[in-house]
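Basically the numbering used here = 1-based index in the sequence shown + 37.
The set of hints was computed from the structure by calculation and includes no laboratory data. Bear in mind that the values here come from a model prediction, so they are computed numbers and not experimental data. You may find that some hints are simply not true.
The following label-pair restraints were derived from C-beta to C-beta distances [what the hints assert, rightly or not]:
{"no.": "1", "residue 1": "Ala-105", "residue 2": "Asn-245", "range": "32 to 42 Å"}
{"no.": "2", "residue 1": "Lys-331", "residue 2": "Val-51", "range": "50 to 60 Å"}
{"no.": "3", "residue 1": "Gln-62", "residue 2": "Phe-272", "range": "42 to 52 Å"}
{"no.": "4", "residue 1": "Ile-328", "residue 2": "Ile-73", "range": "41 to 51 Å"}
{"no.": "5", "residue 1": "Pro-74", "residue 2": "Thr-42", "range": "35 to 45 Å"}
{"no.": "6", "residue 1": "Gln-315", "residue 2": "Lys-228", "range": "14 to 24 Å"}
{"no.": "7", "residue 1": "Thr-205", "residue 2": "Ala-48", "range": "50 to 60 Å"}
Calculated cross-link-like contacts (lysine-lysine; reagent style DSSO-like; alpha-carbon spacing at most 30 Å) [claimed, not checked]:
{"no.": "8", "residue 1": "Lys-128", "residue 2": "Lys-152"}
{"no.": "9", "residue 1": "Lys-55", "residue 2": "Lys-331"}
{"no.": "10", "residue 1": "Lys-164", "residue 2": "Lys-278"}
{"no.": "11", "residue 1": "Lys-152", "residue 2": "Lys-55"}
{"no.": "12", "residue 1": "Lys-164", "residue 2": "Lys-152"}
{"no.": "13", "residue 1": "Lys-228", "residue 2": "Lys-326"}
{"no.": "14", "residue 1": "Lys-195", "residue 2": "Lys-238"}
{"no.": "15", "residue 1": "Lys-188", "residue 2": "Lys-238"}
A virtual CB, placed ideally from N, CA and C, is assigned to each residue, including glycine.
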Amino acid sequence: MASRTIQLTFAATVLGPKTDTLFIQSDDPITPLLSIPCTANIELPFAIVDNETAGSYFESGEWFTSVAQAFGSSSRYSLLNKTPKNSADFKTILKHAGLYDVFEIVPTTVNASNKAHYILSVNGVPKDSVYVDQNLGSGNWVKIFSAELPKDVQVEVKVIDTGLNTVTNAVLRADAVKFSLVSEITSLTEKISSLIPEETKLEQNYPNPFNPETKIQYSISSVETGHTPSLLTVFDILGNKVATLVNEEQSAGTYQVTFNTQLTINHQQLPSSVYFYQLRVGNFVQTKKMILLK
Numbered sequence: 038m039a040s041r042t043i044q045l046t047f048a049a050t051v052l053g054p055k056t057d058t059l060f061i062q063s064d065d066p067i068t069p070l071l072s073i074p075c076t077a078n079i080e081l082p083f084a085i086v087d088n089e090t091a092g093s094y095f096e097s098g099e100w101f102t103s104v105a106q107a108f109g110s111s112s113r114y115s116l117l118n119k120t121p122k123n124s125a126d127f128k129t130i131l132k133h134a135g136l137y138d139v140f141e142i143v144p145t146t147v148n149a150s151n152k153a154h155y156i157l158s159v160n161g162v163p164k165d166s167v168y169v170d171q172n173l174g175s176g177n178w179v180k181i182f183s184a185e186l187p188k189d190v191q192v193e194v195k196v197i198d199t200g201l202n203t204v205t206n207a208v209l210r211a212d213a214v215k216f217s218l219v220s221e222i223t224s225l226t227e228k229i230s231s232l233i234p235e236e237t238k239l240e241q242n243y244p245n246p247f248n249p250e251t252k253i254q255y256s257i258s259s260v261e262t263g264h265t266p267s268l269l270t271v272f273d274i275l276g277n278k279v280a281t282l283v284n285e286e287q288s289a290g291t292y293q294v295t296f297n298t299q300l301t302i303n304h305q306q307l308p309s310s311v312y313f314y315q316l317r318v319g320n321f322v323q324t325k326k327m328i329l330l331k
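Sequences and hints are given; from them, build the entire structure.
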């Protein structure tokens with residue numbers, strides 16, 4: 038009997054479990070129509086860095102391989118209270134900018150450090166940190182950070198011994214880290230002038246009312262530049278954040294953002310309503326109203 042492999046691509050617009058049926062019509066005299074049930078769980082993009090991921094996992098100090106694992110075929114561990122302190126780095130470059138939940142996983146254990154220090158960095162600059170009891174939730178993904186992260190630059194999670202552990206005969210463990218996209222940044226930012234404005238200000242969007250796209254222009258003066266990010270967000274009438282348009286350091290100049298309402302934090306289209314967009318740069322804060330009319 039002959040066989041043939043056909044590569045198919047499926048696309049979905051809504052997250053969650055999905056079922057469908059693939060029908061194949063043939064010249065088979067007995068079963069001319071073949072029905073193949075299909076099931077899938079649609080998720081947002083994510084990236085996983087495992088201790089076996091070459092070029093993305095790095096260690097400092099002396100580490101050992103353990104057959105105990107929660108993700109992949111092995112995990113790593115190191116002894117505590119060494120000088121300098123042992124550490125492991127999970128590095129990746131994300132393909133989507135947006136809000137991420139960051140998780141760690143280690144094998145099921147009762148003898149791991151209860152004061153493991155996890156540090157989240159972007160381009161080598163620390164962004165957040167947390168102390169984690171690696172025994173709690175071990176064997177499962179444990180959320181350690183929620184942060185807005187850029188694309189196309191190096192993002193890193195480092196786990197390091199603190200010397201503060203109180204568990205008897207404990208070790209520092211490293212297995213895998215997961216970056217799970219919660220919502221993608223839904224805008225296209227363009228610098229339309231490099232002339233330094235006299236003041237930082239937020240302009241009225243155009244067109245207004247709009248559907249489904251509108252443009253938002255803002256200016257940043259030299260007073261507000263530095264190491265402070267520009268943050269442009271959209272809120273509904275109840276004050277819930279529905280989109281992050283800009284979250285990055287920007288030089289002085291005038292910028293224009295295209296906001297498309299078809300992609301939001303929960304990846305659902307926005308209804309007709311009044312919305313507010315807010316610009317924060319350093320000590321500057323300004324909010325304006327816009328109307329989505331379908």
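Results for each hint:
1. Ala-105 / Asn-245: 32 to 42 Å: Violated, at about 58 Å.
2. Lys-331 / Val-51: 50 to 60 Å: violated, 19 Å
3. Gln-62 / Phe-272: 42 to 52 Å: For Gln-62 and Phe-272 the Cβ distance comes to about 51 Å; the hint holds.
4. Ile-328 / Ile-73: 41 to 51 Å: With Cβ atoms ~47 Å apart, the hint holds.
5. Pro-74 / Thr-42: 35 to 45 Å: violated, 19 Å
6. Gln-315 / Lys-228: 14 to 24 Å: Holds: the Cβ-Cβ distance is about 20 Å, inside 14 to 24 Å.
7. Thr-205 / Ala-48: 50 to 60 Å: holds, 52 Å
8. Lys-128 / Lys-152: Cα-Cα ~22 Å, so holds.
9. Lys-55 / Lys-331: Roughly 28 Å between the alpha carbons, so the hint for Lys-55 and Lys-331 holds.
10. Lys-164 / Lys-278: Judged against 30 Å, a Cα distance of about 21 Å means the pair holds.
11. Lys-152 / Lys-55: violated, 41 Å
12. Lys-164 / Lys-152: holds, 19 Å
13. Lys-228 / Lys-326: Answer holds: Lys-228 to Lys-326 is near 23 Å, not above 30 Å.
14. Lys-195 / Lys-238: violated, 38 Å
15. Lys-188 / Lys-238: Status holds; Cα separation ~27 Å.
Comparing the model with each earlier hint shows violations of hints 1, 2, 5, 11 and 14; every other hint is respected.
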